[in-house]
Every structure is written in structure tokens, then in C-alpha cells.
Amino acid sequence: MNVLNLELIVFIIFAIIAILSSIIVIEHKSLVYAASFLAILGISNAVLFILLGYTLVALFHLAVYVGAAVTFILFSITMLKEAPLTDIPTRVLAMIFTIFILATFTIILINGVYVNIPTPSFIVSYKALANALITKFWFPLLIASLALIVTLIEAITLARREVGI
Amino acid sequence: MMLTAGMFLSISFIMLAIGIYGIVSRRNMVRMLLSAEVIFNAALLTLLILSSIPIHAATQPDKPAIGGAIALLAIGIAAAEIGVAISIAILLFQIKQHVDVYELRKFRG
Numbered sequence: 001m002n003v004l005n006l007e008l009i010v011f012i013i014f015a016i017i018a019i020l021s022s023i024i025v026i027e028h029k030s031l032v033y034a035a036s037f038l039a040i041l042g043i044s045n046a047v048l049f050i051l052l053g054y055t056l057v058a059l060f061h062l063a064v065y066v067g068a069a070v071t072f073i074l075f076s077i078t079m080l081k082e083a084p085l086t087d088i089p090t091r092v093l094a095m096i097f098t099i100f101i102l103a104t105f106t107i108i109l110i111n112g113v114y115v116n117i118p119t120p121s122f123i124v125s126y127k128a129l130a131n132a133l134i135t136k137f138w139f140p141l142l143i144a145s146l147a148l149i150v151t152l153i154e155a156i157t158l159a160r161r162e163v164g165i
Numbered sequence: 001m002m003l004t005a006g007m008f009l010s011i012s013f014i015m016l017a018i019g020i021y022g023i024v025s026r027r028n029m030v031r032m033l034l035s036a037e038v039i040f041n042a043a044l045l046t047l048l049i050l051s052s053i054p055i056h057a058a059t060q061p062d063k064p065a066i067g068g069a070i071a072l073l074a075i076g077i078a079a080a081e082i083g084v085a086i087s088i089a090i091l092l093f094q095i096k097q098h099v100d101v102y103e104l105r106k107f108r109g
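Chain order of the listed sequences is A and B. Residues in the first sequence are numbered from 1 upward in steps of one, following the numbering used here. Residues in the second sequence are numbered from 1 upward in steps of one, following the numbering used here.
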């Protein structure tokens with residue numbers, strides 16, 4: 001078995017896991033299980049990033065998104081309870097809307113120029129990523145850092161707040 | 001058989017459709033946030049696919065690195081967004097004892 005076939009097998013396995021876990025995130029009755037499957041979706045997405053050559057982005061996705069954000073959701077929703085679902089006509093409308101969007105993207109995919117281009121077998125280096133971040137994206141990086149600090153302050157303020165104040 | 005951009009894009013579009021269905025059909029705020037996260041994962045995958053394919057490699061040799069840098073920033077911002085959204089949901093639950101978004105319209109100033 002050569003390397004390319006191994007890549008294809010890994011892609012098929014994790015693509016199926018990603019789609020199934022997306023469906024479970026939406027449809028599972030328990031919010032805790034839904035958030036857990038969001039973590040599994042993040043992990044399978046990280047594997048797909050590695051197949052594309054973005055190893056560092058995959059590690060960042062695992063550490064920041066799955067490790068921090070999804071875990072935060074998981075612990076937070078233990079404090080909440082489920083609201084009732086929408087009526088059946090809304091779900092039917094949502095299904096029609098979704099099928100319409102999926103059909104649109106299928107047409108784009110069939111007629112698209114990108115479709116048959118094989119994905120390259122390179123690995124984006126840490127040096128190139130850091131270079132792009134510091135030279136071209138220093139201002140967005142600054143804004144993202146400020147956003148994270150403000151979120152931290154906001155979370156602490158809300159956590160210390162008494163009900164009714 | 002080789003891995004092509006179309007394979008990755010089809011996975012991403014399916015995830016996008018599932019996420020949109022979740023957002024449109026639910027009224028629980030946390031459920032809608034989880035659906036938005038599914039859409040975020042689909043968008044991130046699409047960004048990395050389109051930046052990795054060598055379609056303008058001659059004119060834009062650092063395109064893969066730029067795509068990766070944007071993805072890193074997007075993941076950081078998404079973490080911040082989750083923190084804000086969950087905090088609002090917890091606050092709403094403390095006040096109203098539920099997280100139904102239909103009730104949020106009563107909070108308009």
C-alpha cells in the first residue's frame with residue numbers, strides 16, 4: 001500500500017466521522033453529548049488539515065478550539081437546560097432551505113474549476129506562517145489578541161456578577 | 001485515486017448545510033451556537049483547501065502561508081466568540097430560566 005492510498009483511507013475515515021459528528025451535534029437530545037461530538041468534529045477537522053499540509057494550524061485547532069473553546073461550552077451547558085424545539089413546519093422549511101443550499105453548492109462543485117485539482121503534498125512551515133503573521137497580518141493579530149483579553153475580562157465580570165444587578 | 005480539492009470541498013459543503021439546518025430549525029441559543037460552530041469548521045476547511053491548491057502558485061507563492069495565518073486568527077477569534085455567546089446564554093438563563101432566542105426580542109432597548 002503506497003502513501004497516497006493511505007492518505008485516501010485516512011481522508012475517507014475522518015470525512016465520515018466529521019459528517020456523522022456534525023449530524024449528531026445538531027440532532028442529539030442532550031446538549032452535553034452534542035458538545036462532545038463538536039469536539040470530535042474538531043479533531044476530525046484537524047486531521048483533514050494535516051492531510052492538506054497545515055500541521056501547525058491543526059495543532060492550534062486542537063489546542064485552542066477543541067481544548068479550550070469546546071471544553072468551555074461543555075462545562076457551561078451543565079448550568080443550562082433545554083428549551084422546547086420548534087414546530088414541525090419550521091423544521092420542514094429549514095430542511096427545504098438546506099436542500100436548496102446543498103443543491104446550489106453541488107452545482108458549483110460540478111461546474112467548478114477547482115474540483116479536479118489534486119491537493120499538493122507540502123507542509124506549510126512554522127517559519128512561513130510566522131512570517132505571514134508578523135509582516136502581513138500584524139494588525140489583525142493585535143485585534144485578535146485584544147478580543148481575547150476583552151473576552152477574558154467579560155467572562156470574569158459576568159462570573160462575579162450577582163443575579164438582578 | 002488521488003485526493004482532490006473537490007473531495008474536501010464536498011465534505012465542507014455538507015457540513016455547511018448541516019450547520020445551516022441546525023441554525024434555522026432550533027430556538028435554543030446553545031444549540032444555535034453549536035450549529036454556528038459546525039459552520040465555522042466548514043468555513044475553516046474551505047479556507048484551507050482553497051489556499052492550499054496551487055492555482056495561482058506562480059504569482060502568489062506565499063498563498064498557503066497566508067491561508068494558514070488567516071486560519072490561525074479565525075480560530076482565535078472563534079474562541080473569543082464562544083466565550084461571549086456562552087456568557088450571554090448563562091446570563092439569559094439566570095434571568096429568564098431558559099435560553100429560548102424568541103424571548104431575546106423582549107430585551108430590546
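Check before you lean on any hint, since a few could be wrong.
[Unchecked claim] Listed next, the in silico SDA-like pairs over lysine to any residue satisfying Cα-Cα at most 25 Å (straight line):
| id | chain 1 | residue 1 | chain 2 | residue 2 |
| --- | --- | --- | --- | --- |
| 1 | B | Lys96 | A | Lys127 |
| 2 | B | Lys63 | A | Ile134 |
| 3 | B | Lys96 | A | Phe72 |
| 4 | A | Lys127 | B | Asp62 |
| 5 | A | Lys81 | B | Gln60 |
| 6 | A | Lys81 | B | Leu92 |
| 7 | A | Lys81 | B | Asp62 |
| 8 | B | Lys96 | B | Ile77 |
| 9 | A | Lys29 | B | Arg27 |
| 10 | A | Lys29 | B | Val84 |
| 11 | B | Lys63 | A | Arg91 |
| 12 | B | Lys63 | A | Ser121 |
| 13 | B | Lys63 | A | Met79 |
| 14 | A | Lys81 | B | Lys63 |
| 15 | A | Lys29 | B | Leu91 |
| 16 | A | Lys127 | B | Arg27 |
| 17 | B | Lys63 | A | Val115 |
| 18 | A | Lys29 | B | Lys63 |
| 19 | A | Lys29 | A | Arg91 |
| 20 | B | Lys63 | A | Pro118 |
| 21 | B | Lys96 | A | Met79 |
| 22 | B | Lys96 | A | Thr78 |
| 23 | A | Lys136 | B | Ile70 |
| 24 | A | Lys127 | A | Ala63 |
None of these hints come from the bench; they were simulated from the model. Keep in mind that this is a model prediction, so the values were computed, not measured.
Proposed proximity, valine 115/A with lysine 63/B (alpha carbon, max 25 Å): 18 Å, holds
Check the hint pairing lysine 63/B with serine 121/A against an upper bound of 25 Å on the C-alpha distance. This hinted pair holds, its Cα atoms lying about 15 Å apart.
Compare the distance between the alpha carbons of lysine 81/A and leucine 92/B with 25 Å, and conclude whether the hinted pair is satisfied. 12 Å, holds
Is the Cα-Cα distance between lysine 96/B and threonine 78/A 25 Å or less? 16 Å, holds
Restraint check for lysine 81/A with glutamine 60/B, where alpha carbons must lie at most 25 Å apart: 50 Å, violated
Taking 25 Å as the top limit, are the C-alpha atoms of lysine 63/B and arginine 91/A close enough? 40 Å, violated
Straight-line alpha-carbon gap lysine 63/B to proline 118/A, limit 25 Å: 16 Å, holds
Take a quick look at whether lysine 96/B and phenylalanine 72/A sit within 25 Å of each other, Cα to Cα. 22 Å, holds
Has the given pair, lysine 81/A with aspartate 62/B, been kept, meaning a C-alpha gap of at most 25 Å? Status violated; Cα separation ~47 Å.
Given the hinted pair lysine 136/A and isoleucine 70/B, is their alpha-carbon gap at most 25 Å? Judged against 25 Å, a Cα distance of about 10 Å means the pair holds.
Between lysine 63/B and isoleucine 134/A, does the CA-CA distance stay at or below 25 Å? 15 Å, holds
Given hint valine 84/B paired with lysine 29/A - CA-CA distance at most 25 Å: 24 Å, holds
In this structure, the hints that do not hold are numbers 1, 5, 7, 8, 11, 13, 14, 16, 18, in rising order.
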